[in-house]
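Make a model of the complete structure from these sequences and hints.
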Amino acid sequence: MGSSRGSLSLLYAVRSVMIVASLLCGIGAFILFLEFGEATGLTWIDVFRAVLILISTMWLAWGAMLAFVGMTSRARPPEGVDDAPIRGRTCILMPVYNENPQDSLSRMAAMEASLREIGDPAEIHFAILSDTRDEAIAAQERAVFRRMVAECDGVGRFFYRRREKNTGKKAGNIADFITNSGAAYDYAVILDADSLMEGETILKMIRRMEAEPGLGLLQTLPKIIKAESHFGRAMQFSASFFSPVFARGLAMVQGRTGPFWGHNAIVNVRAFAQSCGLPELKGAPPFGGHVMSHDYVEAALLARNGWTVRLDDDLEGSFEEGPENIVDHAKRDRRWCQGNLQHLRIIGAPGLKPWSRFVFVQGVMAFVAPLFWMGFIAASIAAPLLVTPPDYFPVPGWPFPQFPQSAASMAIGLAIGIFGLLFLPKLLIMVRACLSGKAKRFGGSVRVVLSTLWELVLSSLTAPVLMMFTIRSVLEVLMRRDGGWPTNNRGDGVLHWPEAIAASWWIVVTGAVGLLAAWRLTPELFLWLLPVGVPMMLAPALLRLGSLPSRGALMITPAEQSPQRVIQLHDAVLTRWGVDTQSSIPVAAAPARDGRGEGVSPQAPRCHGLVG
Amino acid sequence: MTDEAILRVGASGGEFAVPHAGRGVSDEACALPAAPMPMPLQTIEAETGLLHRLLRRLRPGGQARASMDVGA
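These protein sequence lines are chains A and B, in that order. Residue 6 is where the first sequence starts when you use this note's numbering, and the numbers rise one by one after that. Residue 67 is where the second sequence starts when you use this note's numbering, and the numbers rise one by one after that.
Note that these hints are calculated values from the structure, not bench results. All figures in this text were calculated on a predicted structure; none of them were measured in a lab. Even for Gly, the Cβ is constructed at its ideal location relative to N, Cα and C. Where hints are given, some of them may not hold.
[Claimed, not checked] Some chain A residues flagged as far from chain B (calculated, every beta-carbon gap over 10 Å):
1) A26
2) I91
3) W341
4) F424
5) K443
6) R477
[To be verified] Rough simulated footprint, nothing fancy, chain B against chain A, three-plus residues with beta-carbon under 8 Å:
7) 163–175
8) 349–355
See below:
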């Protein structure tokens, strides 16, 4: 009881410090900017820009605070839980929707094999929940499924169900499973079609659920794997190297009102059924209709009903795959943007925990923040058109001008502060990894330093382009329009020049017009705007080059250096099924460790041979 | 069409070279267990928010009345 009170006090203290620190950063930037504006005579446009700076800086500071909290705290896994006997029955759910069945089902086969390797001590079933609309793909799903079941002797363990109508999309798919079969299970591990989890991790999750009956949902931190392109590998490195620190901060600050990211998580089926029946929102999409970003809402509803929702960032062995190019990333963001803005309808739902409402606000801010930055830049360029320039001869007849006091140092200080909030967390994570020895897992200290600096360069170049895609997404949602991205259906994710140009010509035009306007209207800002304008003008090249295969020695991740056992098993299943893995991971060349200190062969035997 | 043929043709035009499709696994055996569990729909939209109340009051013929009338 005392310990619970202590951890609650710590939680409130951390939240308060983070909120106050972010507010102070924002207010500091606001005041600095106003003083800077006052030097040339304060106008309404200065106040407007100062407000934009206030909001943007607060948002940046909040992200930096998450990293600082993450760096200064350590996950404390529950003691004496990870080897307890398992009593409940679990179903691993893989919702699929027109995905390549060999890709998704091979992951399920690998997870099953991973469980068998560690003795398979629990009653765990696997269910493919198909919402596939394409009949031919559905036929393939069934064929691959039958083959997998036969190979693994999995009758009674593997299940396949296809819905006639995909009402409610993924949330509806899961709800359909719960309402028809939920009573047969205590827990459900919810995956995506590209999810992959170690058997040991799945068992740990189940044990933690059993040890804490009030736990409604346990989220793991999935790491991106199998990226091939420059952009994909940068994201993969970022997700492996930086994200765990931010996730630690998030776990600290969210406490029992934790996040749900829709996959690589386990739920208590009874809690989920009791709390997460999602109705359609009134009105038409994008703000009405079925709930798109259902995971945030489900987490909030579980917390509303008194269930704990927790992010256990100490759990390793949780993986997913990411987009290989900026266009695919933007397409995914478009969907998330619409879903998060839809939460504006839900923030006021009765009975939600205040922190859940705050999480909704953060989700909205993640997409709206670029609008504030762009508004600030546009207002700065257009300022001479909107206000009267300062009068350097205020005294009639007096021949000598009165120049305003220079406030350049203040402006530079403000810029350094803002860039510091952007870059400092990543640089500190880099230093910490080098000092703690964690860098070895990422190729050593030298590679980590170079990879971090290269990641900062790449993310700085791509940030203005991604910002434009996000702004377009938000505007489209606000105008109730659907996005229209050029599609890229090839498996390798390589964008050719025509596709890259078609996807980003409007960003080039916007960047060129912006720089031209700055050159004419506010030449003193021109140099400052180059880091934003030049990447925008180079957008097609960034899209194209970012999508090309990466063979560099930088951005190495532990999963690339020594793939975890389930990744090896997955590759082995794909090889056995005759699928070209196209992997840069040298699976066949270098036997890797499986985390237990033993060298294991990448050529895993079939399911039958894995036990005993 | 056999499983082998289905796998090789593919909807997307791609060929899947699966050496042996599973046979002898019936669809019935792979159906999920029937074990219904109720999942009541939740209230997720604000009905009593300030803005909502205001809009209802402003709406012509709206049911909500001015708070002065409530006790009358």
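Hint check:
1. Separation of A:A26 from chain B is adequate, the least Cβ-Cβ distance of about 30 Å exceeding the 10 Å criterion.
2. Listed as a non-interface residue, A:I91 keeps its Cβ farther than 10 Å from every Cβ of chain B; the least gap is roughly 19 Å.
3. Listed as a non-interface residue, A:W341 keeps its Cβ farther than 10 Å from every Cβ of chain B; the least gap is roughly 18 Å.
4. For A:F424, the shortest C-beta to C-beta distance to chain B comes to about 38 Å, beyond the 10 Å cut-off, and the non-interface label holds.
5. Even its closest Cβ contact with chain B, about 40 Å, leaves A:K443 beyond 10 Å, as expected for a residue assigned away from the interface.
6. Non-interface status of A:R477 relative to chain B is upheld: no Cβ of that chain comes within 10 Å, the nearest being about 28 Å off.
7. Residues of the segment 163–175 of chain A lying with their CB closer than 8 Å to a CB of chain B number 4, which satisfies the three-residue condition for coverage.
8. Given as covered by chain B, the segment 349–355 of chain A passes the check, having 6 residues with a CB less than 8 Å from a CB of that chain where 3 are the minimum.
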